[in-house]
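*Asks:* The listed protein sequences correspond, in order, to chains A and B. To convert, note that position 388 of the first sequence is 391 in my numbering; the numbers rise steadily by one, no gaps. To convert, note that position 63 of the second sequence is 65 in my numbering; the numbers rise steadily by one, no gaps.
None of these hints come from the bench; they were simulated from the model. Since the structure is predicted, the reported quantities are computational estimates derived from the model, not experimental observations. Worth double-checking, as some hints may not be accurate.
As the list claims (entries may be wrong) - Per the computed footprint, the stretches of chain B lying under chain A, defined by three or more beta-carbons under 8 Å from a beta-carbon of chain A, are:
1. 23-32
2. 58-71
3. 115-129
4. 190-201
The beta-carbon is built from N, C-alpha and C at its ideal position, and this holds for glycine as well.
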Amino acid sequence: MTTTQTPNGFSLDNGGRRIVVDPITRIEGHMRVEVNVDEHNVIRNAVSTGTMWRGLEVILKGRDPRDAWAFVERICGVCTGCHALASVRAVEDALDIRIPTNAFLIRQIMEKVLAWHDHVVHFYHLHALDWVNPVNALKADPRATSALQQAVSPNHPKSSPGYFRDVQNRLKKFVESGQLGIFRNGYWDNSAYLLPPEADLMAVTHYLEALDFQKEIVKVHTILGGKNPHPNYMVGGVPCAINIDGDMAAGAPLNMERLNFIKLKLQEAFEFSQNVYVPDVIAIGSYYKNWLYGGGLSASNLMDYGDCPTVQGDPSTNRFPGGVILGGNWDEIHPIDPRDPEQVQEFVTHSWYEYGAGREDIGLHPWDGVTDPHYALGANAKGTRTNILAVDEAAKYSWVKAPRWRGNACEVGPLARYILAYSKGVPYVKAQVDDALGRFNTLAGTSLTPREALPTTIGRTLARALEGHYCAQQMLDDYDALIANIAAGDLATANVSKWDPATWPKEAKGVGIVAAPRGGLGHWIKIRDGRIENYQCVVPSTWNGGPRDAKGNIGAFEASLLGTPMSNPEQPVEILRTLHSFDPCMACATHVMAPDGDELARVTIR
Amino acid sequence: MTVSTKEQAARPHGRVLILGIGNILWADEGFGVRVVEYLAARHHFPAPAELMDGGTQGLYLLPQLEGLDGLVIVDAIDFGLPPGTVHTVRGADVPSTIGARKMSLHQTGFQEVLALLDLRGHAPRKVALIGVQPVNMQDYGGGLTPPVAARVPEVAAAVLAMLAEDYDIHPIPRAPDATQDGAGLMTAAVSRTAYENGRPTEAEACRYGDPRVLTRMRG
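Could you build all of it, start to finish, from the sequences and the hints given here?
*Replies:* Next up, the structure:
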């Protein structure tokens, strides 16, 4: 047993029992977590491992920079649009291409449709089951659910006892049919679930409403991206033409009918956030008022690049202002520059890569990034190369690199963006946070301040809900700006003056930044002789899920689990709850059909 | 391969979707997408038939999948068969489950998409899955392995046979158009030819992936 103090202020103790949560099934390996718990089942050490090689950088080498978006769009099925957007932004930055205002606004809307969709689906489809017990919903009195609904969200029209009874019957039938085993694998008997049945039924009902609506908002993506399921992007603008009076004959241009449809969907998204998603998170959170764990690194270090300007190319108009907070000092926000070789760097001391002899502990800026795999287990690892029982965190233990800002581990994501925006006094965000906390405190009978409530697992989940709501508002604003610009006679959607590689410099480099749903995303590109010379993606889950660095600083996933008591270590509800609150996205892998798709997480205690 | 059940062929009123799914960046995992690309290059599919490159879009596919008369899924499958084996399942044998212990949205597999369609009362009237057992899915950036690539024409023919038998749909053959890479289904840059010709060399690319995973695949 060893107790160590990390430079970034956490105490680690790798004694006690080691618990491994490894969601690898068949070929779906992304992420594995090992924790040590003490005699009271409190987590004292946490080790986050990305279990899959992802060498996109290598695939892109030598390709045409104008095609890179089409490859990165295939990285995975959830983050498609943000990778494609970061890619075209990186190329445009390298080649100094300014896109037309319409393209700028259409991309803004597409970016936030994706964020809104991602947040809603993440909460209802994945994260809610860490708090909500659907089996318990079958016991609810629909009248009690109706009363609860009217109390927490009086403006939501679907609130009658009959409505909830119908949903309950549907659910019952579905569960009884047995063929699908809905929500199977849950730890439904675990005492960590605290909601009364009426709240469980409300949440399950909204899960179904979310599924109904999410397919509607995707249609906006289809219209603006010209294609579904893989929307088109292009260097220099957007591939959809505007013909305001046209019908849909010539390549389905954007006309007034389609623009009206988009506005309707954006309004519906805003109302869903306002009447369903945000009230649900506040209400569910209030039942867990005594479960304020999971803050970890968010109480000290946070980072976002800043995004969503209202004026193209003017970061001072960013609606998510970005910056870096260190040491929990909300009064000082450090500016961030993704171009500065001293700021964003990736370390591989504990990652299965190598930078070359004598360079083991250095950090590399992404423009100079290297992705050379080197898979080796530490001396104290248990198991074999092909069947790891326990990793040795003193050595290399993850396929994820460790990004740092000036050597500091930082948490990224909606919570980081919200604490940064709140600290900077962004009026919309300040009003949202204060209102939400007021409602939370009223329901829970508490008097939590933002500093107490936000850096927690629940705060992370609340920030995501509020961000969805803000994204819907931003999209409505972007929509109005788009209509005004079109009305002023500007129909341009693409700038093709530098389409021809003959117009490019021999060498160029650029960076593309996106406020992706999981946090700040950056793509760095180097172009030489019209081809990609180097390409590095530093994704949000790299920041959050990366391993320790050369100095021993731990990242956000590992920090967030420390100090959390587990009610039953064989049922890691608390671990899943906190890791899910990050909306983790490790290597983006595969969707293979298999007959036994039910073993999704394996828990081993050693 | 033959269609095993003789169901009464009746022209459907609703859409019949032939959906290729998988991640083209992971070698044989791209099989389903490459089959629909192959079909699109060689046949015109008249309504109500439609071809789609579903990639790994999961829940994003829901709006396209509601209320179908027929759904024919083409995918790499893990049924524990010898690598390269083609296997067809129909109806209730197409796996669909909803799991709660997912670590990430990325584990929302296509099985769950089917389960959600059912939960919400929008399941396709008829569903079938034609798959191939992969040889290698860990060659990141790689194309189809030769044994799996050899199955593309065979599975494409099986799709056509299924359309004829189950739905009385007969796509119209056409000469492959060499000028239209990606067959209009996908951006030319990621079409099979362009993708495989531009791939990095063995020396540049990590072609062995995570050995734990590889071992599982070979096992």
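*Asks:* Next, verify each hint and record whether it holds.
*Replies:* Hints and how they fare:
1. 23-32: holds (count 7)
2. 58-71: This one holds; 10 residues, not fewer than the three required, reach chain A with a Cβ under 8 Å.
3. 115-129: holds (count 5)
4. 190-201: It holds, with 4 qualifying residues against the three required.
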